[in-house]
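In the order they appear, the protein sequences are chains X and C. Heads up: the first sequence at position 162 corresponds to 167 in the working numbering, and the numbers run straight through without jumps. Heads up: the second sequence at position 69 corresponds to 80 in the working numbering, and the numbers run straight through without jumps.
Just so you know, the hints here were simulated from the structure itself, not pulled from any lab data. Since we're looking at a predicted model, the values are computed, not measured. Note that the Cβ used here is the ideal one computed from N, Cα and C, for glycine as well. It is possible that some hints are incorrect.
As the list claims (entries may be wrong) - Derived list of chain C stretches under chain X, where covered just means 3 residues or more per stretch with a C-beta under 8 Å from a C-beta of chain X:
no., segment
1, 12-24
2, 30-44
3, 50-57
4, 71-80
5, 87-99
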Amino acid sequence: MTQAFRIENSGLINRDKKLSFKFNGKTYFGYEGDTLASALLANGVHLVGRSFKYHRPRGFFGAGVDEPYAVVQLYRNGETEPNIKATEQELFEGLEAKSVNCWPSVNFDIGAINNFLRIFLPAGFYYKTFMWPKSFWYRIYEPFIRKAAGLGVASIKHDKERYEHKYEYCDLLIAGSGPSGLASAYAAAKNGAKVILAEDKPRFGGSLLTSDVNIGNQSGKDWAEGIIAELKTMPNVVVKNRSQIFGYYDHNMLVMSEKVSDHLPTTKKYHPNKRLWYIRAKEVLISSGSIERPIVFGNNDTPGVMLSSAAKEYLKVYGVLVGRKPLVFTNNDSGYETAIEFKKHGVDPVVLDSRKNPESEIIDEAKNLGINIKNSYVVVAAQGYKKVKSADIASISEDKKQLGKIENIECDCICVSGFWTPTIHLASQSGNKTKFKEEIDAFIPGQSKQNEITLGAANGVFTLEETLKTSFKAGSELSKKITENDNEISIPNVVEKKSSQHDKFWCVPLPKGKNYKRFLDFQNDVAVSDIEIALREGYRSIEHVKRYTTLGMATDQGKTSNLNGLQLVSEIENKVVPAVGHTTFRPPYTPVSIGAIVGREVGKHSKPTRKSPMHSWHEKNNAVFVDAGVWLRPRYYKRGNENLFEASKREAKNVRTNVGVCDVTTLGKIDVKGPDAAELLNRVYTNAWLKLPVGKARYGVMLREDGIVMDDGTTTRISENHYHMTTTTAQAANVLSHLEYYLQLVWPELNVNVVSTTEQWAGAAIAGPKSRDLLQKLFPNSDVSNEGLPFMGYMEGDLFGVKARIFRISFSGELAYEVNVESDYGNFMWEKIMEVGKEFNIQPYGTEALSTLRIEMGHVAGSELDGRTIPFDNALEGLVSKKKDFIGKRSLQRSAFIAEDRQRIVGVVPLDKQTSIPEGSHLVKDDKAPLPNPKLGHISASCWSVEYDNPFSLAILKDGKNMIGQKLFAMSPLKNKVIPVEIVSSHYVDPKGERVRS
Amino acid sequence: MLYINCPHCGMRSQNEFSYGGDASVKRPELNKEVSDQEWDNFVYNRKSLRGKHLELWQHISGCRQWIKVERDTATHEIFRTFKADEEVA
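Chain X extracted, bound-state conformation:
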């Protein structure tokens, strides 16, 4: 394939490197340095997609981030990404892209029938049409709309690419590398400030790449290259291309997405695809330039209609002619600059200028080149369906209301310029209150809220001389404040052609009898008529008009449409534009990959994985793991073909008959030290702590101030002023914060220190009737008899040369001990326990057996302490001291908490002694009652009782105290189960607690 629209002697592309690529299955060629858009245009491809609503043919409108049309589905290295702007995607060898929003193909699109049904699809038609019958929404309307709408398809595969986050701090962050950004960066860098200069395009220089100016006796482009080269050598400067600052957040934090690999066929080894920068800047200089805005006329969405600045950029940067018979339609001098470039490259343009008799140096140059210029002329409508073939033009009266006789002239593209709109998005995001500048018919930043300043075209300054002057000054002064250096910089001499005042004309009236669609928002298919309908129907606020018509709500965020929309509303409403106001600018400025936002926090990396020191032993011994918060805990140890149920039953049974060992390292542990430690515990826990002797442990419950149980656990007095507190695995961090809160803010007079020691200790629970025999063998020199180490006793021991802490505490309800050693000895301890325990038939048990053991004993855990229960609900009221005050005590007097029929923990057994009750089932009196069936309680935990060999559950039940013996139903609509049950005591096994004391 030849690149028929590529011309010699122009462009910044690398003609030595030819690249092949595929678009809609067809192979084309382009050059290194092309975008997908420029390469397609070089091949004469103008039709790239179909519009969102009417499925009208769409081509290229811009040459960068403002592009509303050319959104494609990209295929790269086996991955696919939707919503890629062809004008931003750099070409690489083997690139593949497809049109979106068309079926079966871009050339023949069935949805285009909407174009002919458009009288039925006016503004707000979704709201009006799909309202009834109600049941149709889920079944018919929504699936249909979802299929018809959208700009591409998200991949459902796991993304193989890597994305990184980076945090950076700097003195000056400069957004944009046009003349303004370069000047301020240079001045600041010379003063020694730490500068980051960000450019979203691959090439630095912004408008200098395409404008015909002279700075310091060299072309603008050469000057830019020189500045960038020098900045790159400076250690205090970071220059980044392909990097879009898309969000301006609080306290001068900005976020930038750097495309590291999108321009390459594959991502280099160890490189991320994108890097997201969080930058905290002392000063922000917004040099984001401006975007040309269109003039609105009939069929202005036809492929071949594009911004005049884009046509110039394709010519000067990529060496591509967007047409051979260009028609330039302008209300200012920018159109002439484009026409001049065409003419210089051997193409004869026709210029239509809405102004009557403009005069300037630029216009003079165009005239001298012999360009055909028609003053007081406008394009009434483009003609052609998939590509512009001709234009209906007419003269226009001075008041811009009357059109002259319609003429038709042949053309293959229409380059339109309706003057320039400053890119104020970042300034507005920072909280800056924008203001309307009459001279340019556009908003510019007003009073700064954060440390931010907007310069150059983004601030409505359109002359190079003024831009450079103010930017050098700003860079110099802002950096001086920070570094206190003041290096004199001479501002280079600037040669630029003067331009004349633009015409405040933005929309061509409809000729009599014609009903052309005149589009404002090209991506969302919002036409002048849609705004008119919205206003007729009573929408007034621009925010409402926007939402009703979807003006400016597409992925281009209305970069080319917002101002014309405001012009229209102000005209109809007979208000001035600033009185209409603009909609709020919100981040991101342009779409950002979800991958970049997520960064490395995917899959396993979305949270840390914590493992106990005995983890490798568990792995070697067929443990099946379960996530417990961020911890991995053995759920059960698989033997042969056992399943979870069989294995956990075996493990639990072995604890009840012999002895088992469980890894309890994950329990939160907090060292509480200081002369007032006992006093702190006494205030934090509901029970009394002042009289706990050294060498004794006590179970405690702590409340929040609202009376709800926060956590439970045992705390042991290790020595006079030293306590070892344990918490549940889940609440460890919260309990530490809770203690710190009271110590630092409420009772600073208490002389206590708290510190987490969870990681410092490895823990093994040894439980079962034979546990004492085992313990005696592990600690032959210690007296671990019932007298030497009674229930809730504590001692230190020597475990084959390793110092160990031995606690006689029990979660399983059996005679049990917990042994702690320093973490590094965890595995040693575990192996010794297994080795010595062999003769007692020891088996390790996992969390499933652990649950079974505690449930049938009626011990509460996280599923009962669920943030909704008070001590009474958990049958823990015996631990609530009446004599002393403690956190949350006053709340326990709330009437609901002392109600006669207060909910309470009970045991639940199915009448058939066979059917397991799903956790979360509701307990109801009558299984046939009409819905919603009044709920009396819920099943909090279920197990298979190994003691009685039948299912057993715990429940929190209304008036539970008086419900023992009642027959109810456990209903689980989710599992489709209705189970007749009997309410029993929550202490199903060993209700007197004799075993733990044996």
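Given chain X, work out where chain C should sit, using these hints.
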């Protein structure tokens, strides 16, 4: 993301902190008779202020100290920060 001046550590990003609510709330003294209204005010009732607000933050991924932050709830401007035991004038 806010930039908070921890009085112990210096300027740190918000993601090192956790929010702790209104700093002007005083816990009633222990063992003191407290009316229902007083207790409700302490546990539940908060003004949702627009404007200057003295609030608690804990430098949870830093020095673990609870600090007081004077912040504008509408603009997020932070005026001053204080140590836990510092009197706010």
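- Taking each numbered hint in turn, which are not upheld by the structure, reported in ascending numerical order? Violated hints: none; all satisfied.
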